[in-house]
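Enquirer: Each chain, written out:
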Amino acid sequence: MAKRMRFRHGVHPPELKELTEAVPIRRLPFPTEIVLPLSQHTGKPAKPIVHVGDRVERGDLIAAADGFVSSPVHASAAGTVAAIELWPHASGSYQEAIRITVAPYDAQVPRKRIIPKWHGLDGQGIVDAVQHAGVVGLGGAAFPTHVKLLPPKDVTIDTVVINGCECEPYLTTDHRTMVEYPERVHLGTRLMMTTLGVDRAMIGVENNKPDAIERLTETIPDDLRGKVTVHGLTVKYPQGAEKMLIKSLLDREVPSGKLPMHVGVVVHNVASVATIAEVFETGLPLVERIVTVTGPGIRQPSNLIVPVGTKTSDLVEACGGLTDTAREIVFGGPMMGAAQASLDVPVMKGTSGVIVLTDDVVKPQKSYPCIKCGHCLDACPVFLNPQHLGQLAMYERYEEMNDHHLQDCMLCGCCGYTCPSNIPLTQLFAMAKTQLRKPKAA
Amino acid sequence: MTTPRLLITAWPHLAERDSTPRIMWTVNASLVPVIAVAVYNFGPSAVLVLAASLLGCVATEWVFGSKEALADGSAVITGILLGLCLPAGIPLWMAFVGGVFAIGFGKLVFGGLGQNVFNPALLGRAFLQASFPVALTTWPVIRENWWALRGDNLALPLMSPGEVDVLTEATPLGLMKFEQQGTEVWRLMFGLTGGSLGETAGIVILVCGAYLAWRNYLNWRIPVSIFATVAVLATLTHALNPAYPDAMFMLFSGGLMLGAVYMATDMVTSPVSNRGCWVYGAGIGALVVIIRLWGGLAEGVMYAILLMNAMVPFINRATQPTVFGTRTAKEAA
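Note that the protein sequences, when read in sequence, are chains A and B.
Note that the first sequence covers residues 1 to 442 in my numbering.
Note that the second sequence covers residues 1001 to 1333 in my numbering.
If you're looking for bench data, these hints aren't it; they were derived computationally from the structure.
Among these hints, one or two may not hold up.
[Unchecked claim] List of simulated lysine-lysine pairs, DSS-like, C-alpha gap at most 25 angstroms: (1) B:Lys1330 - A:Lys433; (2) A:Lys363 - B:Lys1067; (3) A:Lys258 - B:Lys1067; (4) B:Lys1067 - A:Lys366.
Based on the provided sequences and hints, a complete structural model is requested.
Expert: This is how it looks when you write it as structure tokens:
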């Protein structure tokens, strides 16, 4: 393959992964309380099926999926349901959550194998198990995985793409997963290929993780050699955005307004794939995940395995506490993550990292007039004109923004990152999208 | 555990180190070698003229603009560039008035930094050229008696200039146009010719521009497009009629280097997209050749850039980037 695998535009933020990229994943003791939001995924929130005072075991279903594009929530630790109430949520609002007081000195042994073994399951059986295990995309958007495994009949899928780019600065959860659990990645990939009936899978990893590429390549099972390939990709943000990754790996351009499946591809995050394998291995639904807790504002940056629902304060404590200059706490990567207002916010299924920024690295808030330098046009990976869109947004001409392809914007943050005048372009576009989603007043 | 007062901002939480003031001040710093050449060539007059135009710009920004805007360095760029495209012998008050006009009417009336349509420095110069055509086209001989003033720099405002005994010479373009006399290219490259303060040393300007392009503070496509267009058109016309100058002469004479590297690349008044920059540069190049060969003036860079400045909104509209996935979406439909 002589053609260079690449997508055009994008930015080169500092990688900042050296804090945790070589730190082995560490398991934390159970916290005293966990908080499980009912909405941890894209789609309808789950419906609680337990009551205050109920005793739950680890892995028990506590909130059922509400419809197809939804995902169930399971108790991530044994204990008693203390409350079902509004609680600070990573999205910035208060949302319904189930609080469980963890039983002290409990062995935390689940009742029984909840998810069956995968051997002998057909495609539909695997999808059902994935759905019941509450598996969602662990890369950030938390889209229910089973939905992606059941493409409509009129599309033909020929390739599964496994996303191990981890192009966000600071984060190392996918990196450590690939280094420490490459067999799980391959088992998960095999299950994906079985359910979708394809015999080609491509794993894309940015070239700044040579150890991950090496580990993955040498652990490909014999019968999958030739079918599963590992590809080193240019280190560039947002290499891990679905459409960019497909462009890099397969040179296919997902049509505007369409999904990867329309070009025959299903993309899964490497951590989601490993989680599917783990779910079948352990028989437990998705109750824990790997989180990178890092940044200059944390004393001991670490990669942790924690129960879903662990509060930020517990993570911070486990990592030596905050430094005196800690100023901003971000869930997810620094390019697209959301700043948190409270240390009570729990880790969710889609939380890949908790980044603590300090006074000297938080972005200055002063902005200057647009000098039309055009750097944002060079940065935008979907070839929008953020300069023009930004001006329209400032005058609240949202409808016009739609004519200029606002809906193709994936809010990756490249324009805001590169703007020398520090104009909050990405924020303006997110606002515009929200405004346009509002139902029109009659 | 005590909770610190948390800051909540929108993503992205990282930003490139470049900032608008940083870009502006870097451009200013990159002009230092060009200023040095001007001083070397024209002595104290160069310093005085630059100081006068700079003062005009900065004072106007201070009085009518905002003091905050002064810190971003854009008024300083305008002042220096205006000074660099004036002849050394110009009365200082004219340079000052040019600076006032450049910032006042070139920038502030449009709404300040980022809003102006025309390059303020060039607008200031166009104003001076229209008002004081003689002063703007009197070129003192370079490096003649270094310490002496190169003209009636200290003339009183609105008085006719006194008799000053200064040797003047025509610019290479003037010589070519009106006396059909060529100049060796190496003399042009190293600034050993008559001309405005900062326009004569082509090589120095190119080196400074290359530095800015490397820092991504100017879009290299604009000067490259201008140079390519001028070179191609000049080669063609020279081949058709050898009386017309050849490409090297066209490139290195007059204000083309200064204009292409520092004026045309002004971010505010040039197109935003790379495609647009190619078109814009080609337009400037073509206009320069047309004005120089067939226009009434010996030099056309200033008007070429100003005219193309006016075209920028249209170029921007015509050169919108092709949105990712729209091509395939159309194919699928």
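Enquirer: Quick one, are Lys363 (chain A) and Lys1067 (chain B) close enough, alpha carbons at most 25 angstroms?
Expert: 24 angstroms, holds
Enquirer: Against the 25 angstroms threshold, does the CA-CA distance of Lys1330 (chain B) and Lys433 (chain A) hold or violate the hint?
Expert: 24 angstroms, holds
Enquirer: Would you check the hint for Lys258 (chain A) and Lys1067 (chain B), treating anything up to 25 angstroms between C-alpha atoms as holding?
Expert: Judged against 25 angstroms, a Cα distance of about 49 angstroms means the pair is violated.
Enquirer: Holds or violated: Lys1067 (chain B) and Lys366 (chain A), Cα atoms, limit 25 angstroms.
Expert: Status holds; Cα separation ~15 angstroms.
Hint violations for this structure: number 3 only, all remaining hints satisfied.
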